[in-house]
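Peer 1: So you can see what is in the structure, the chains are spelled out below.
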Amino acid sequence: MRGRLHNPIVEGVSSFLVPFIQIFALYVITHGHYGPGGGFQGGVILAASMMLLRLTLGEEYEHRTFSPKLAGIVAAVGILIYAFAGLVPLAWGGNFLDYAHLPIPGLSSAELRYHGILIVETGVGMVVWGTLVTLFDHLIGSEP
Amino acid sequence: MNHLPVLIPITLLFSAFFIPLAGFVKRELAFVIALAGVFLSLLFSAAGLFTVITAGEIRYHLGGWPPPVGIEYALDGLSAFMATVVTSVGTLVLVYSRRSILREVPERFVPMYALLMLLLAGLCGIIVTADLFNLFVFLEIASLSAYALMAVGDERGSLASFRYLMLGSIAGSFYVLGVGFLYFSTGSLNMADVAQLLPAVHHSRAVVAAVILIFTGLGLKMALFPLHLWLPDVYTYAPSAVSGLIAPLMTKVAAYAIVRMSLTVFQPHYLHDVLPVTPVIAWLGAAGILYGSIMAIAQSDFRRMLAYSSVSQIGYIGLGIGLANPLGLIGALLHILNHAFMKACLFLVAGSIRFRTGRWKVSSFAGLGRKMPWTMAAFTVAALSMVGIPPAAGFFSKWYLLLGGIDRGNWFFVATILLSSLLTAVYFFRVLEQVYAVHSREPSTPVIPSDPPASMLLPTVILGVGVLVLGLLNSVIVSRILEPVAAALK
Amino acid sequence: MMRFAMNYYDLMTAALLVIGLYGMVGKRNLLKKVIGMNIFQTAIFLFFIQGGTKPGATVPVWDPRIASEAAGYINPLPHVLILTAIVVSVATTGVALALLITIYRRYGSLEEATILERMRKSS
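Protein chains in written order, with our numbering: chain B, 1 to 144; chain F, 1 to 490; chain H, 1 to 123.
What the hints contain is simulated information worked out from the structure, not anything from laboratory work.
Positions of the beta carbon are idealized from the N, C-alpha and C atoms, including for glycine.
For lysine to aspartate or glutamate, the following EDC-like pairs were computed, each having C-alpha atoms within a straight-line distance of at most 20 angstroms: (1) K121(H) <-> D154(F); (2) K69(B) <-> E107(F); (3) K371(F) <-> E433(F); (4) K54(H) <-> D10(H); (5) K27(H) <-> E117(H); (6) K371(F) <-> D451(F); (7) K121(H) <-> E155(F); (8) K121(H) <-> E111(H); (9) K69(B) <-> E59(B); (10) K32(H) <-> E111(H); (11) K26(F) <-> E107(F); (12) K361(F) <-> D301(F); (13) K27(H) <-> E111(H); (14) K121(H) <-> D301(F); (15) K121(H) <-> D233(F).
Away from chain F, derived, C-beta distances all over 12 angstroms, residues of chain H: (16) Y8; (17) A15; (18) W62; (19) I66.
Each pair of labels, with its calculated beta carbon distance range: (20) I119(B) <-> K32(H): 37 to 45 angstroms; (21) L139(B) <-> E107(F): 18 to 26 angstroms; (22) I74(H) <-> P199(F): 22 to 30 angstroms; (23) G12(B) <-> L31(H): 31 to 39 angstroms; (24) L26(B) <-> A192(F): 35 to 43 angstroms; (25) S122(H) <-> V274(F): 52 to 60 angstroms; (26) V438(F) <-> N29(H): 40 to 48 angstroms; (27) P453(F) <-> A14(H): 53 to 61 angstroms; (28) F412(F) <-> F84(B): 55 to 63 angstroms; (29) I73(B) <-> E107(F): 20 to 28 angstroms.
The whole structure should be built from the sequences, with the hints applied where relevant.
Peer 2: Following this line, the structure appears as structure tokens:
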């Protein structure tokens, strides 16, 4: 995927930008429930940062830092977070996905729902991140 | 247990999530988890059906939010009935699938089961939901899994699946466009709520456009003539277990969605008297019956013949829905149940023949009646039921459709049903003749075909016996389950 | 005058729908069909979002300095519905591209006529 000429400008700029992209993505995920954003959007931006690195620095380098297997694990953990946020209220007397019955002590019902949304948004962000990176690797990249 | 409406799709969804993880560890675990998931969902569906018959419908609010603010799931007579049909056929075909997938596409064993569970989860989700947009989400989940499943294996399957993808995404988009029109006219997405708010805006152009868009989208998913063009290629080139699961279930769940739209959202009075929607569906159904039967006679590939036969049977269901009287609706719903069992049995037989002999042309089936006795016995029962010979189940659903047609006074429909039974007899008896009456003229092969292994034979035989049992028990099914549903049409 | 503003968006939605349908049905290259599908779905997103707007209302982010009751904010529910629909569209495009890769590997071309001819030859 990467050209035979190593261009220092491209490599330098993308390596410099990627941390800022990722922090912006985390901002988008955590501010999703009272501003534009949310799990899906933040996950896509995170995946885009990974794709930028794969395109500019080459797959051999990138697969050492964020391998396709790690992407799969991240996606699976994200789904499990969402699944447990949905199933745990079932055991504690509420309906499915009823965050007011999450067993976190010391918070009122409204605050529990507020934090419940944040938990599932994080889960969704991780799922989208892992899935899009896996899609990119399978469709375009070549696995080592 | 009032969590039942959400547990039916959730068990399937979570087993779909765990299968890839377990498949990493040990390949066989994927099959075990899949079978456990669908069997658990079957138990929940049966419990739901029992609860609905004895106690009444169950309404469930997701997240604790009451409608119209939140998403609602509902188990009433119609959805509990459909959920039981889908999960029971799903369990039997899943038992069958293990040897079949190992023979046809072994390298994709684990992903196939994950996709199969996602497909079943999507179908069950369509059945239990009572929210218009949630139905779209589950419809797309089921459709995407179907697109992926049908492309595995035979290389011609990829192009057929791509065509299905194009048409299917148009259908889903039409449906969501229609839901958008409904939402902007009434302000709610909940089915029962929209039904209450709709009479005030009956005659606005937005609602008429919504009706047309929703029924066109769902009709394409249901393969109602002339929107059936994607069906024959897709059923022919899919792996045997996949077509055994999709052919009986996917189009029937889309038909269920049409029934749900007609009964609950747009009340039947609106669809028959104000806008002529149900007569159009009835005429298209009748055309599909004749077209499917005639095309099936012309086929030489066994599975293609079954695919065109499916188009014809879906025409029956469309006719039943379009008649818009209680007898017609009972006939359509009973036919959904019967056809699911009959078609599953037929496609499993086709897969068994492919498993043992690798052949798919009807002309090469000579002498199989002696070599694969149990499989062909199940095939015979299913074929007789498709033609409509009592006491097999097919006779009773056609009987109700005939009564519904006579009730409506439309003799053309009555003649169509009778004529198509004759046409069905033509193409099925041709296969039966090859199987039983023609002696095989080929030299003895090194591998003599025999009945497939028990894990494949048992579901086929159970489905065949089930067809007979459903026929004998049809009066119980109609009186306890279906008549309360159709009472809404009186 | 509200009708006129609505008509502007309705025209755009209709134009995009027709362009997308033409791409899906009229073009012979499979990849152009996928792009047509994307344009078609984008038209539907546009329709949903413009349906939720109100004259003189602001974006649905709570700010008591700008507006204090619900009538001052546009309807956020269509936005949420469109988020879900966008995810569905991405997944559908992913499946379509995977199918295209399979077809290309087997038949060596993405033109429908060439594929059908090679299919006929090989069967």
